[in-house]
Amino acid sequence: MAMSILKLRNSPALRSAANTISRIGVSSSRAFSKLSEGTDITSAAPGVSLQKARSWDEGVSSKFSTTPLSDIFKGKKVVIFGLPGAYTGVCSQQHVPSYKSHMDKFKAKGIDSVICVSVNDPYTINGWAEKIGAKDAIEFYGDFDGKFHKSLGLDKDLSAALLGPRSERWSAYVEDGKVKAVNVEEAPSDFKVSGADVILGQI
Amino acid sequence: MAPIAVGNVLPDGKIFLFDEKDQLQTVSVHSLLAGKKVILFGVPGAFTSACSLQHVPSFIEKADQLKAKGINEIICYGMNDPYVMKAWGKTFPENKHVKFVSDGSGEYTKLLGLELDLKDKGLGIRTRRFAMLLDNLKVTVANIESGGEFTVSSAEDILKAL
Numbered sequence: 001m002a003m004s005i006l007k008l009r010n011s012p013a014l015r016s017a018a019n020t021i022s023r024i025g026v027s028s029s030r031a032f033s034k035l036s037e038g039t040d041i042t043s044a045a046p047g048v049s050l051q052k053a054r055s056w057d058e059g060v061s062s063k064f065s066t067t068p069l070s071d072i073f074k075g076k077k078v079v080i081f082g083l084p085g086a087y088t089g090v091c092s093q094q095h096v097p098s099y100k101s102h103m104d105k106f107k108a109k110g111i112d113s114v115i116c117v118s119v120n121d122p123y124t125i126n127g128w129a130e131k132i133g134a135k136d137a138i139e140f141y142g143d144f145d146g147k148f149h150k151s152l153g154l155d156k157d158l159s160a161a162l163l164g165p166r167s168e169r170w171s172a173y174v175e176d177g178k179v180k181a182v183n184v185e186e187a188p189s190d191f192k193v194s195g196a197d198v199i200l201g202q203i
Numbered sequence: 001m002a003p004i005a006v007g008n009v010l011p012d013g014k015i016f017l018f019d020e021k022d023q024l025q026t027v028s029v030h031s032l033l034a035g036k037k038v039i040l041f042g043v044p045g046a047f048t049s050a051c052s053l054q055h056v057p058s059f060i061e062k063a064d065q066l067k068a069k070g071i072n073e074i075i076c077y078g079m080n081d082p083y084v085m086k087a088w089g090k091t092f093p094e095n096k097h098v099k100f101v102s103d104g105s106g107e108y109t110k111l112l113g114l115e116l117d118l119k120d121k122g123l124g125i126r127t128r129r130f131a132m133l134l135d136n137l138k139v140t141v142a143n144i145e146s147g148g149e150f151t152v153s154s155a156e157d158i159l160k161a162l
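Residue numbers (the UniProt record's numbering), protein chains in the order written: chain A, 1 to 203; chain B, 1 to 162.
The hints are simulated quantities; they were obtained by calculation from the structure and are not laboratory data.
Check before you lean on any hint, since a few could be wrong.
Unchecked claim - Below, simulated DSS-like cross-link-like pairs (lysine-lysine); rule was C-alpha separation at most 30 Å, straight line:
1. B:Lys119 x B:Lys160
2. A:Lys180 x A:Lys192
3. B:Lys96 x B:Lys21
4. A:Lys100 x B:Lys90
5. B:Lys138 x B:Lys110
6. A:Lys76 x B:Lys110
7. A:Lys131 x B:Lys96
8. B:Lys119 x B:Lys67
9. A:Lys131 x B:Lys99
10. A:Lys192 x A:Lys63
11. A:Lys63 x B:Lys62
12. B:Lys36 x A:Lys150
13. B:Lys96 x A:Lys150
14. B:Lys36 x B:Lys119
15. B:Lys119 x B:Lys37
16. A:Lys156 x B:Lys138
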């Protein structure tokens, strides 16, 4: 029910703007997202770090350390996808499973990490990753204060769905910090361009 | 805002929960709690240690005793979104009575004056840990921790006050 509220709230003007940008084929991006082909992700989000999914005890013993983007992206081939929220419908039932089931194909293409990120704290995202059995394959990170997504222009207010400030649903292929392909759904409840199958075709 | 205290009437505001039919609802606090004897206990973070391993279990364990003493509702409250609160609630299969509600927007915690900055622990702004006894929206017991510690806000402490 919350997702249908989301669909209604997306203005037609927004939709048509997104429609003018080609979304089929090699790469795509929203005109107003700062993430596009050629962007250096670390420069686009300076000083931003992410929080690796962890239990509270792991947090305590690691002194609540954070991971700078350069550690995640420098010198690596990374597939990263972002979603509105742990424990919500499309995220749990479609988006993560899509990447989980294609892990062999990502490995075959030389991908070093497949990363899932959302605007959740690292303990919640850890509980969720364990619940959906995806923690072995995919690396989960929390963007708990939304800074990562805001820096990249991928933040989205989902208060209408009772989620507060979150992110778009998106995916990207990043090589040594440089964005090679990016896909952003028109609406966060959609699951058309941000799945594993699409990004595999763009690597 | 000054923290809520004994003698105050609980302010009205909106919180979120999944009802018995598993439907997402926005409810007014007053409509949920008016006319009832309620224990409202607050947790800084779902899926964190003290909350999961001590605070919630203390109320699940003592729920029958509390109900026998006339408590109508035992409600666990946190600033996680309602999906997370629901999923976390399900990790306690032995739970029969404790309900899990969300102040996902953080607005209600502001009204209660119970905000806690846990940004350096990766949680952002949350609620202080607390346990309150409410009688028709009037606060009769307010055991509020200064932060996330677990010293005065257990079910045992509330039972002593009944």
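To see whether the hints hold, each was checked on the structure:
{"no.": "1", "hint": "B:Lys119 x B:Lys160", "result": "violated, 34 Å"}
{"no.": "2", "hint": "A:Lys180 x A:Lys192", "result": "holds, 19 Å"}
{"no.": "3", "hint": "B:Lys96 x B:Lys21", "result": "holds, 16 Å"}
{"no.": "4", "hint": "A:Lys100 x B:Lys90", "result": "holds, 24 Å"}
{"no.": "5", "hint": "B:Lys138 x B:Lys110", "result": "holds, 18 Å"}
{"no.": "6", "hint": "A:Lys76 x B:Lys110", "result": "violated, 43 Å"}
{"no.": "7", "hint": "A:Lys131 x B:Lys96", "result": "holds, 22 Å"}
{"no.": "8", "hint": "B:Lys119 x B:Lys67", "result": "violated, 36 Å"}
{"no.": "9", "hint": "A:Lys131 x B:Lys99", "result": "holds, 21 Å"}
{"no.": "10", "hint": "A:Lys192 x A:Lys63", "result": "violated, 39 Å"}
{"no.": "11", "hint": "A:Lys63 x B:Lys62", "result": "violated, 34 Å"}
{"no.": "12", "hint": "B:Lys36 x A:Lys150", "result": "violated, 43 Å"}
{"no.": "13", "hint": "B:Lys96 x A:Lys150", "result": "violated, 41 Å"}
{"no.": "14", "hint": "B:Lys36 x B:Lys119", "result": "violated, 35 Å"}
{"no.": "15", "hint": "B:Lys119 x B:Lys37", "result": "violated, 34 Å"}
{"no.": "16", "hint": "A:Lys156 x B:Lys138", "result": "violated, 38 Å"}
Checked against the numbered hints above, the structure breaks hints 1, 6, 8, 10, 11, 12, 13, 14, 15 and 16 and satisfies the rest.
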